Amino acid sequence: MSERRTLLEVEDLHVSFATGRGQLQAVQGVSFTLDQGKTLGIVGESGSGKTVLSRAIMGLLPLSSTTQTGSVRYDTQEVLNAPNDELRELWSTHIAMVFQDPMTSLNPVQKIGNQITEPLRVHLKLPKDEAKETALSLLMQVGIPSPVERYGAYPDQLSGGMRQRVMIAIALACAPRLLMADEPTTGLDVTVQAQILDLLSQLQHDRNMAMILVTHDLGVVATRTDEIIVMYAGNIVERAPTDVLFKSMSMPYTEALLNSMPRIANPSHTRLTAIEGRPPDLLNPPAGCPFSPRCPYAQDKCFKDKPPLVEASPGHSYACWYPLGTTEASPAPAAAPAAAAPEEATA
Amino acid sequence: MTDAAVKPAATPEPKPEHVSDPLLSVEDLHVTFQRGSVAVQAVAGISFSLRQGETLGLVGESGCGKTTTGRAVVQVERATSGVIRFNDTEITAMSRHDLRTLRTQVQMIFQDPISSLNPRRRVTDIVAEPLTIWKIGTKEERRNAANAMLDRVGIDPYLNGNRRPREFSGGQCQRISIARALVLEPKLLVCDEIVSALDVSVQAQILNLLEDLKAEYNLTVLFIAHDLAVVKNVSDRVAVMYLGRLCEIAPSDVLYEAPAHHYTAALLSSAVEPDPESTRTSIALGGEPPSPINPPSGCRFRTRCPRAETRCAEEVPELREIAPGHQVSCHFPIGT
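These protein sequences, in sequence, are chains A and B. Numbering-wise, the first sequence is residues 1 to 347 according to my numbering. Numbering-wise, the second sequence is residues 1001 to 1336 according to my numbering.
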């Protein structure tokens, strides 16, 4: 391992989209850093802003319809709102991305060989035969059987898992230092998911590459990340090293998310703790904590003031007025209704 | 709501002497799709049964035939061979007309909640439609029944009854689908991946709702899904499918605790759990499932099985009971 070095720095990033009904605030002031060679998990449900965040970091959002403020620095270079030709220098050779849907992300009328050699020829200016050689070795590395035959195959001749491996091969072609993986295993079968996640971890380790794993599934990030960011309604609500997060989660949303997952370890017919209600409307975000309308512990203050993300212990930050495990948090009433009236005034 | 008007047609006569018989039994079901000269054996001889009030989980990976099995149970897909009995009536031999009547008692809920609702119709009308088709009650009564059902699944009919599906989230659309499926008070519900498109927090809401409704309406459920944790949560028994055949059926706690089939074990070891201290090491399965057009001889899992021997290629392992209620189709089950 090389020395600790910050590779990516995101500071107070805001992203909003112009819609017919007003500005949709998809990301509302997100800050974090990622060191070289580390894995960061970004967890959230749909609409939490996790995908918009990852696309903003990649510079993939259309500048015409989005407003992006704040700063995203890759290795001290500002990439937010950077012109495309500047980004092209970074893409593939420095930052690469694996998208969720391998069917629609691959070009259906191009042989997969051409799709892997394209970044090699464009960015690394490799001659044709050398590019092909590299592509074949990449196909081998991502575990595709008989790479020579697959090289000339079209995406529809491959299964979903194989296509995702091709996506990974394309992303890794130019040896990036940061890999963004947005739901890389959603939609894949469990055994294939395990294979792909193992493959990503192994390649990351071999290449000392930093990785951002964006997912809705706490299970995917639990054993494969160094650090986890939990997002809710465009905000980071908790951030901690992975083991700390699972041991002492402080934000009620993180706990609720974990408790709503069915677990294999639990007996059948175990009642799940659902989070009642729905995430807030991002066109009109609530004044207080975005989770307060669904939070079983919410008190007066939560509805009025938005809690800042504060670092409570080294590396562990959360945005909550009454974090779990503190005496201030009042016990939840059983089955708190959504938007429950606050129970008591706070000090 | 009344189901007085949905009496089954006269042809299939009930046999009262077999009251303890299962509500649904599937015997040696084959479903083969013919594509030109190529035959795809989606389901290749599976047998199972469902008792009244029971939930059977059906798990497997894509292409294993679990969805086709579910569709054959509601007879959307006709069986190539084999027998499906519902309430002692052989539904595989039914005419189209009789099948229509059957469908009042056997309902299905689909994976994609938004595309399975008609985008042009209002939700109250969507939920009332089964009643309209069967001309049950007056228009007023149907409307009230639909509203009551919507209310039961957590959609406010007075606030939202006149809205159209696109105005709802995925979870709400799935609630509406459930309401539509239950408005005729069916006996058997086939749920095909009903929560896989939903967020975890919404998934929990829908699974809890399903458990409540199951008790309330005394439903029998065939729950098809790929998510092992979800299946365990709702099922009394679980059946594992691989490439058109059943590997194992057991009470869910037994299956997850002590899987006997090597495929079940591999599947369980691949599941990710939200626990950083999870010591589970995944049993790496080599390669991909073979093509159902040209399945391997003998045991269909043998090409990827760590325990495969020559016998596995020569002889098809039949589903046999290794403990009460625990059936496995393997020549060398784990733990023997």
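Bear in mind the hints are in silico, worked out from the structure with no lab data behind them. Since the model is a prediction, treat every value here as computed from it, not as a measurement. Even for Gly, the Cβ is constructed at its ideal location relative to N, Cα and C. Please note: incorrect hints may appear among the correct ones.
To be verified - Which bits of chain B does chain A cover? Going by a derived footprint, with three or more residues having C-beta under 8 angstroms, they are: (1) 1030-1041; (2) 1068-1077; (3) 1231-1239; (4) 1262-1276; (5) 1281-1295.
Outcome of the hint check:
1. 1030-1041: With 0 residues close enough to chain A, the hint is violated.
2. 1068-1077: The restraint on the region 1068-1077 of chain B is violated, since only 0 of its residues have a Cβ under 8 angstroms from chain A and three are required.
3. 1231-1239: holds (count 5)
4. 1262-1276: holds (count 11)
5. 1281-1295: holds (count 5)
The structure is inconsistent with the numbered hints 1 and 2, although it conforms to all the rest.
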